[in-house]
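Participant: Chains as they are written, first to last, in the numbering used here: chain P, 490 to 635; chain H, 490 to 635; chain E, 6 to 116; chain C, 6 to 116.
Worth flagging that the hints you see were computed from the coordinates, not collected in a lab. These numbers come from a predicted model, not from an experiment. Ideal placement from N, C-alpha and C gives every residue a C-beta, glycine not left out. Keep in mind that the hints are not guaranteed to be accurate.
[As the list claims (entries may be wrong)] Straight-line C-alpha distance at most 25 Å; calculated PhoX-like pairs for lysine-lysine:
1. C/Lys14 / E/Lys47
2. C/Lys47 / E/Lys101
3. C/Lys32 / E/Lys11
4. E/Lys14 / C/Lys32
5. C/Lys101 / H/Lys598
6. E/Lys47 / C/Lys11
7. C/Lys101 / E/Lys47
8. C/Lys101 / H/Lys596
9. P/Lys631 / P/Lys596
10. E/Lys47 / P/Lys596
11. C/Lys11 / E/Lys11
12. H/Lys598 / C/Lys14
13. C/Lys47 / H/Lys596
14. H/Lys631 / H/Lys596
15. E/Lys14 / C/Lys47
16. E/Lys14 / P/Lys598
17. C/Lys14 / E/Lys11
18. C/Lys11 / H/Lys598
19. H/Lys609 / C/Lys14
20. E/Lys11 / P/Lys609
21. P/Lys596 / P/Lys584
22. C/Lys47 / E/Lys47
23. P/Lys608 / P/Lys631
24. P/Lys598 / E/Lys47
25. P/Lys631 / P/Lys598
26. C/Lys101 / H/Lys608
27. H/Lys608 / H/Lys598
28. E/Lys11 / P/Lys598
[Stated by the list, open to error] Partial chain E-side listing against chain P, Cβ under 10 Å, derived:
29. Arg24
30. Glu38
31. Gly44
32. Ala61
33. Arg71
34. Lys101
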Amino acid sequence: MSVGGDIFSLQRSWPARFDFLDEIRTFVGQAAERAGFSEQAVYAIQMATDEACSNVIEHAYRGESGNIEIRVDWDGLQLTITLQDTARYSFDMKKIAQPDVNAPLSKRKAGGLGIYLMKKLMDEVQYLPSPQGNTLILRKRKEKAV
Amino acid sequence: MSVGGDIFSLQRSWPARFDFLDEIRTFVGQAAERAGFSEQAVYAIQMATDEACSNVIEHAYRGESGNIEIRVDWDGLQLTITLQDTARYSFDMKKIAQPDVNAPLSKRKAGGLGIYLMKKLMDEVQYLPSPQGNTLILRKRKEKAV
Amino acid sequence: MEVNVKEYKHCVLVTIQGRVDSATAPKLNEVFEDLLNRGRFKIVVDMSNVEYMSSAGFRVLLSAQRACRRYHRGEVVLALVPPRVLEALELAGFTKIFRRFDNLLDAIGYF
Amino acid sequence: MEVNVKEYKHCVLVTIQGRVDSATAPKLNEVFEDLLNRGRFKIVVDMSNVEYMSSAGFRVLLSAQRACRRYHRGEVVLALVPPRVLEALELAGFTKIFRRFDNLLDAIGYF
Ligand SMILES: Nc1ncnc2c1ncn2[C@@H]1O[C@H](COP(=O)(O)OP(=O)(O)O)[C@@H](O)[C@H]1O
Ligand SMILES: Nc1ncnc2c1ncn2[C@@H]1O[C@H](COP(=O)(O)OP(=O)(O)O)[C@@H](O)[C@H]1O
């Protein structure tokens, strides 16, 4: 079997609760490994997905119950993770200010790192809000083998 | 070969200088190992011999040059280490006060541990002074195998 | 995630084991809050057994650092940060905010 | 015998390697003398790599302890004492005079 050679799609759904983050990271981590990503890239993909799901649970569902459906697609070149919620709240991602990661301690904001990290960790982050629920798409291309 | 089974005698001579203590410990240590003593007993025999030689160099030769002749005898039951010097000074071992090893720090004397340790580490310590030089005999019986 | 606290004369060693995410970060925060309430502002965090830490964990570290550095009364330092965690901390600009040590003795001895 | 010194904020770590006997003890004594002259009275001695120590070494430790404890200005503590060395220290009654630690962190953190 040529690692990363097989094209695949996986899909699963989890209750929108923090205690499922662990399972979700395992799910996308295994997919990223199957796609042949490096350990470093696998960690990045897991972290970006965690940050995305944490935001959905915290800011989109805001304590209401619901699900997050996660779909992972590997096309041989890039991994696409699509998060689908049916939450009531959405936001305008473009209006979120970037955190100043060079600010000294006294000027650092408490939060606001999630989206920033997602964008740094992935090659593409796309947010599609809708009244029926929101879609977040995370993409990472395979790094060239060394 | 049954360890500790062979009876043997070894003899060597060293200049009465601290920098030979290392060799002397190796010499008696190897003999004690050959006699089948435990690692703990080997260490005790090395330490007692070191303390004895240190005393000869420091208190008997007092900076004068000379030799220490060491003979090791293993008779199958006990190891006898005989130290022979030709030093000018001797002393009365019975008159040496035992250190108070239970004294608190403020009451502890700086030295005076050598003879005490020799006696604790070995089964028998015998000192035979003479105008031609002094003999110190250290004996350790083989502990029973467990 | 497991958190262990060992109190030394001049500092406290907080050892984190496992994964710190939105689910577990509150427990970590409680540990720091307790130390701060008891006036312990010099803190070494042993990260060597952290398998994962999300921004929820970073947030806890940042707020602890802010509380400890206030009035120059102390500091949070990080020891033995695993490479993956370090990369994420770097992205977040946290390596400028936390002194790091690559051995625990130096970290404890720093205080 | 090799002796290494690492100075921390509140204490000094003295690491002894090899064999301490009448030949090498003076070198160990110099290290302690130097620390005492510089007002460093809180000393952790890492004994883990001591292969052998005779009463000449014990004497050096005792005199350092006496100097450090004077005016309650400090203390010499021993860390990771190997079993054979410990047995001899016990015979000499030194285990009552030196606090011991079975890990370096606890020893450094004690000061
Ligand atoms: N899925 C989401 N739904 C609604 N609002 C969101 C969502 N994700 C992020 N936000 C908004 O964007 C802000 C920044 O998010 P983020 O960078 O993850 O930092 P944090 O969650 O720590 O505030 C959040 O405070 C929230 O207001
Ligand atoms: N071989 C020796 N020749 C002469 N005097 C000795 C000898 N061994 C020991 N002594 C005397 O006995 C004292 C106690 O010896 P010891 O217990 O080894 O302690 P230390 O050598 O540290 O003084 C010595 O100070 C010395 O006066």
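Participant: Taking the hints in turn, state whether each one holds.
Facilitator: Do the hints match the structure? See the list:
1. A distance of roughly 13 Å separates the Cα atoms of C/Lys14 and E/Lys47; the hinted pair therefore holds under the 25 Å criterion.
2. As the CA atoms of C/Lys47 and E/Lys101 are separated by approximately 32 Å, the hinted pair breaks the 25 Å bound.
3. About 36 Å separates the Cα atoms of C/Lys32 and E/Lys11, which puts this hinted pair outside 25 Å; it is violated.
4. Restraint check for E/Lys14 and C/Lys32: the C-alpha separation of about 31 Å exceeds 25 Å, so the hint is violated.
5. Between C/Lys101 and H/Lys598, the direct Cα distance comes to roughly 15 Å. Compliance with the 25 Å bound is thereby established for this hinted pair.
6. A threshold of 25 Å between alpha carbons decides the hint, and for E/Lys47 with C/Lys11 the separation of about 21 Å falls inside it, so the pair holds.
7. Using a Cα cut-off of 25 Å, the hinted pair C/Lys101 and E/Lys47 is violated, with the two alpha carbons roughly 32 Å apart.
8. For the proposed pair C/Lys101 and H/Lys596, the alpha carbon gap of about 13 Å is at most 25 Å, so the pair holds.
9. A hinted pair counts as satisfied when its Cα atoms are at most 25 Å apart, and P/Lys631 with P/Lys596 does not qualify at roughly 36 Å.
10. Note on E/Lys47 and P/Lys596: the hinted pairing holds, with a Cα-Cα distance of about 21 Å set against a maximum of 25 Å.
11. Annotation: proposed proximity of C/Lys11 to E/Lys11 holds, straight-line Cα distance about 23 Å (limit 25 Å).
12. A distance of roughly 32 Å separates the Cα atoms of H/Lys598 and C/Lys14; the hinted pair therefore is violated under the 25 Å criterion.
13. This hinted pair checks out: C/Lys47 and H/Lys596 have alpha carbons roughly 21 Å apart, not beyond 25 Å.
14. About 36 Å separates the Cα atoms of H/Lys631 and H/Lys596, which puts this hinted pair outside 25 Å; it is violated.
15. Restraint check for E/Lys14 and C/Lys47: satisfied, since their Cα atoms lie roughly 13 Å apart, inside the 25 Å limit.
16. Proposed proximity of E/Lys14 and P/Lys598 is contradicted: the alpha carbons are some 32 Å apart, above 25 Å.
17. Restraint check for C/Lys14 and E/Lys11: the C-alpha separation of about 19 Å stays at or below 25 Å, so the hint holds.
18. Taken as a hint, the C/Lys11 and H/Lys598 pair is broken in the structure, with Cα atoms around 30 Å apart against an allowance of 25 Å.
19. Taken as a hint, the H/Lys609 and C/Lys14 pair is broken in the structure, with Cα atoms around 41 Å apart against an allowance of 25 Å.
20. Under the criterion of a C-alpha separation no larger than 25 Å, the hint pairing E/Lys11 with P/Lys609 is inconsistent with the structure, at around 36 Å.
21. With a C-alpha separation of about 20 Å, the suggested pairing of P/Lys596 with P/Lys584 holds against the 25 Å cut-off.
22. With a CA separation close to 20 Å, the supplied pair C/Lys47 and E/Lys47 stays within the 25 Å bound.
23. Taking the CA atoms of P/Lys608 and P/Lys631, the gap is about 16 Å. The hint holds against a cut of 25 Å.
24. Between P/Lys598 and E/Lys47 the CA atoms are separated by roughly 22 Å; this keeps the pair inside 25 Å, and the hint holds.
25. For the proposed pair P/Lys631 and P/Lys598, the alpha carbon gap of about 33 Å is over 25 Å, so the pair is violated.
26. For the proposed pair C/Lys101 and H/Lys608, the alpha carbon gap of about 21 Å is at most 25 Å, so the pair holds.
27. Of the supplied pair hints, the one linking H/Lys608 and H/Lys598 holds, its CA atoms being roughly 18 Å apart against a limit of 25 Å.
28. With a CA separation close to 29 Å, the supplied pair E/Lys11 and P/Lys598 exceeds the 25 Å bound.
29. At its closest, the beta carbon of E/Arg24 sits 6 Å from a beta carbon of chain P; the interface hint therefore holds under the 10 Å criterion.
30. Here the hint on E/Glu38 is broken, as its CB sits about 14 Å from the closest CB of chain P, past 10 Å.
31. Because the closest C-beta pair between E/Gly44 and chain P is about 20 Å apart, greater than 10 Å, the hint is violated.
32. For E/Ala61, the shortest C-beta to C-beta distance to chain P is roughly 6 Å, which falls under 10 Å, so the interface hint holds.
33. Interface restraint check: E/Arg71 against chain P, minimum CB-CB distance 6 Å, threshold 10 Å, status holds.
34. At about 7 Å, the closest approach between the beta carbon of E/Lys101 and any beta carbon in chain P falls short of 10 Å, and the interface hint on this residue holds.
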